[in-house]
Amino acid sequence: MFSLLKWNITDYIKRNTWILLGIAASLLCAALPRNSVGLLNNLLIGLASISGFIFFQAGILTAFLFVFRWAENDSVELELSLPVSSRKQVAVKLLTGALVNFLSLVFLLQLFLLIGRFSSGSYQWISGEHLKGILGWVVFLTFLESSVLFAYIFSHSYRMTRRAPDLFTALVSLVLIGTVVVCTVVIMAVTNQLIAPTFSTDSILTVEGNLQVFSFTLPNWVFLSFILLEWLVGSRLLQNRFQTS
Amino acid sequence: MNTNLNIFGLTKSFGSQLALDDVHMEIQPGRIAGLMGPNGAGKTTILKTIMQIVKPDAGNIILNGIPLNHNSRQEIAYLPDHNHLFKWMRVRDAIAYYRDMFVDFDSEKSKELCDFLKIDPQAHVRTLPSGMLERTLIMLTFSRKAKLYLLDEPIGGIDPLARQKILQTILSGMNEDNSVLLATHLVNEVETILDDVFFLDKGCLLASDSAENIREQRGKSIMEYYLEVFENV
Amino acid sequence: MNFNPTIPIYLQIMDSIKKDVLSGALTAGERLDSVRGLAVKFGVNLNTMQRACSELEREGVIQTQRGIGSFVTQDKSILKALEREMVDQKVKEFLEEMRSAGLTDKEILTAIEKGFKK
Numbered sequence: 001m002f003s004l005l006k007w008n009i010t011d012y013i014k015r016n017t018w019i020l021l022g023i024a025a026s027l028l029c030a031a032l033p034r035n036s037v038g039l040l041n042n043l044l045i046g047l048a049s050i051s052g053f054i055f056f057q058a059g060i061l062t063a064f065l066f067v068f069r070w071a072e073n074d075s076v077e078l079e080l081s082l083p084v085s086s087r088k089q090v091a092v093k094l095l096t097g098a099l100v101n102f103l104s105l106v107f108l109l110q111l112f113l114l115i116g117r118f119s120s121g122s123y124q125w126i127s128g129e130h131l132k133g134i135l136g137w138v139v140f141l142t143f144l145e146s147s148v149l150f151a152y153i154f155s156h157s158y159r160m161t162r163r164a165p166d167l168f169t170a171l172v173s174l175v176l177i178g179t180v181v182v183c184t185v186v187i188m189a190v191t192n193q194l195i196a197p198t199f200s201t202d203s204i205l206t207v208e209g210n211l212q213v214f215s216f217t218l219p220n221w222v223f224l225s226f227i228l229l230e231w232l233v234g235s236r237l238l239q240n241r242f243q244t245s
Numbered sequence: 001m002n003t004n005l006n007i008f009g010l011t012k013s014f015g016s017q018l019a020l021d022d023v024h025m026e027i028q029p030g031r032i033a034g035l036m037g038p039n040g041a042g043k044t045t046i047l048k049t050i051m052q053i054v055k056p057d058a059g060n061i062i063l064n065g066i067p068l069n070h071n072s073r074q075e076i077a078y079l080p081d082h083n084h085l086f087k088w089m090r091v092r093d094a095i096a097y098y099r100d101m102f103v104d105f106d107s108e109k110s111k112e113l114c115d116f117l118k119i120d121p122q123a124h125v126r127t128l129p130s131g132m133l134e135r136t137l138i139m140l141t142f143s144r145k146a147k148l149y150l151l152d153e154p155i156g157g158i159d160p161l162a163r164q165k166i167l168q169t170i171l172s173g174m175n176e177d178n179s180v181l182l183a184t185h186l187v188n189e190v191e192t193i194l195d196d197v198f199f200l201d202k203g204c205l206l207a208s209d210s211a212e213n214i215r216e217q218r219g220k221s222i223m224e225y226y227l228e229v230f231e232n233v
Numbered sequence: 001m002n003f004n005p006t007i008p009i010y011l012q013i014m015d016s017i018k019k020d021v022l023s024g025a026l027t028a029g030e031r032l033d034s035v036r037g038l039a040v041k042f043g044v045n046l047n048t049m050q051r052a053c054s055e056l057e058r059e060g061v062i063q064t065q066r067g068i069g070s071f072v073t074q075d076k077s078i079l080k081a082l083e084r085e086m087v088d089q090k091v092k093e094f095l096e097e098m099r100s101a102g103l104t105d106k107e108i109l110t111a112i113e114k115g116f117k118k
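In order, the protein sequences belong to chains A, B and C. UniProt numbering applies: residue 1 is where the first sequence begins, and numbers increase by one. UniProt numbering applies: residue 1 is where the second sequence begins, and numbers increase by one. UniProt numbering applies: residue 1 is where the third sequence begins, and numbers increase by one.
Isolated chain A, as found in the complex:
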């Protein structure tokens, strides 16, 4: 399991080296200026914020593609011929995706903190409080990825859906994600837990527990249990029915 994870992470890195380079470059651009005076400094700060946003999105997007598009590559025959249970196969894809999401979020937060030091005057280190806010996001993003992977496996598992796998992947994931999110919101509204998000002004990503959807409460447990469910059913389908050709 560990070496499978290692090789999946290696695979992600080798395919997406440009993102890692971009992330490093953005952080460097944000860290270099001593203050926000002068053209060069402002240019660097501007560059850092623009590229930071691009690479953050690229990180999330590539994690997404990595999780469900692996079965479209020629290497699928190698991966599916490994003596590994389908549960491990699926778990490792999701873990890799979650890890990339987590790192993308940490990167964005770090970038904000670096740039934020020019307006607040003092540099703030990443704290446990920040990371707690991130965890909720990771769960949510991983839930999205898990749903799409499940939909992908599902649509390649039945004679009918195999005829238009892309269409059914899109449909099933939309229905899944839509239902889960709507149900969660309804449950929260009914139980009076839904409070409109209010952003705190000093740092963008910590939301003071108000944005309930992304803090570790009811919705996160719902998302987590759906990840678990999709993982169990998805790996069963992968073992017994899944087929790409």
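None of these hints come from the bench; they were simulated from the model. Fair warning: there could be bad hints in the mix.
[What the hints assert, rightly or not] Straight-line C-alpha distance at most 30 Å; calculated DSS-like pairs for lysine-lysine:
(1) 14(A) - 220(B)
(2) 55(B) - 88(A)
(3) 41(C) - 145(B)
(4) 145(B) - 6(A)
(5) 6(A) - 87(B)
(6) 114(C) - 220(B)
(7) 41(C) - 118(B)
(8) 147(B) - 6(A)
(9) 76(C) - 114(C)
(10) 220(B) - 41(C)
None of the values given here were measured: they were computed from a predicted structure.
We have chain A; now place chains B and C onto it with these hints.
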């Protein structure tokens, strides 16, 4: 335990197209079996079904007395008919990957085979010419001490020297306990290394016999027998 | 080695090894390669090679000592018989070919004499 691989009534269709129709096969340990037929006969589908990459509609596959499960893959070394390695890999990455993933991978053997097959471990898999790629894949496959080797067109579209080296690698990888199922349409080239042959056309098994029987009893070469069988379809 | 694919391959291997013994490429008492090594050398599978070796052993051309290997026989009478067998066979083949080309026995004899003079 005197059969390595048993296939009973294997049937598979893709959509409305019948790919395999009630195929029965048996391979004894220590033998090299050739699975022969034109392109599209269903050879690759059989190998992929044994690898559980394709799921059969009906039929059973028994490996060393046990119905297939994901652990069976531990005992099977599979060489697909195209490059299945990650595109970013160098040969040495592929070796490291195999070593990590397969407990039966023998690093010493892989070194020996790299020497014998004149493979450069630093080379990028993506840029290898087809002869070198096949050499690399055969090196990876036979560095494993598997019970069953599934080889899909291992000598297709490559030069005679690479072909000879690959056949020699297969021969020296054999012992009394393991067996090889080699799918190819190049009947002539593998004539002397086969123990058994299976002729497959449009998903149906047309004939199967031992190579020695074909020569001794029928007085024919495998090629002649192949032509005779396929002529009368 | 190039085989005739219509003749059982183990027979062709036996012939080839016998020829090597007669020509001296393999000397009496010499140790043979392992069955696996020979199989790779001849480009045939283990079972074919095994069969060729056991047939050769049955005929006494080679002798196998468990755990040590196979050796070319040192028995002069077997080697002599091998030579005779080979000569007989070659002559038979030659005669058959000539006769099927339409030559009479007398013509064949003259042709051989001519051949010697050249």
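Comparing the hints with the structure gives:
1. 14(A) - 220(B): Cα-Cα ~53 Å, so violated.
2. 55(B) - 88(A): holds (19 Å)
3. 41(C) - 145(B): Holds, at about 22 Å.
4. 145(B) - 6(A): Answer holds: residue 145(B) to residue 6(A) is near 24 Å, not above 30 Å.
5. 6(A) - 87(B): holds (17 Å)
6. 114(C) - 220(B): violated (38 Å)
7. 41(C) - 118(B): The given pair, whose Cα atoms are some 18 Å apart, holds under the 30 Å limit.
8. 147(B) - 6(A): Roughly 27 Å between the alpha carbons, so the hint for residue 147(B) and residue 6(A) holds.
9. 76(C) - 114(C): With Cα atoms ~34 Å apart, residue 76(C) and residue 114(C) exceed 30 Å; violated.
10. 220(B) - 41(C): holds (24 Å)
Hint compliance for this structure: hints 1, 6 and 9 are not met, and every other hint is.
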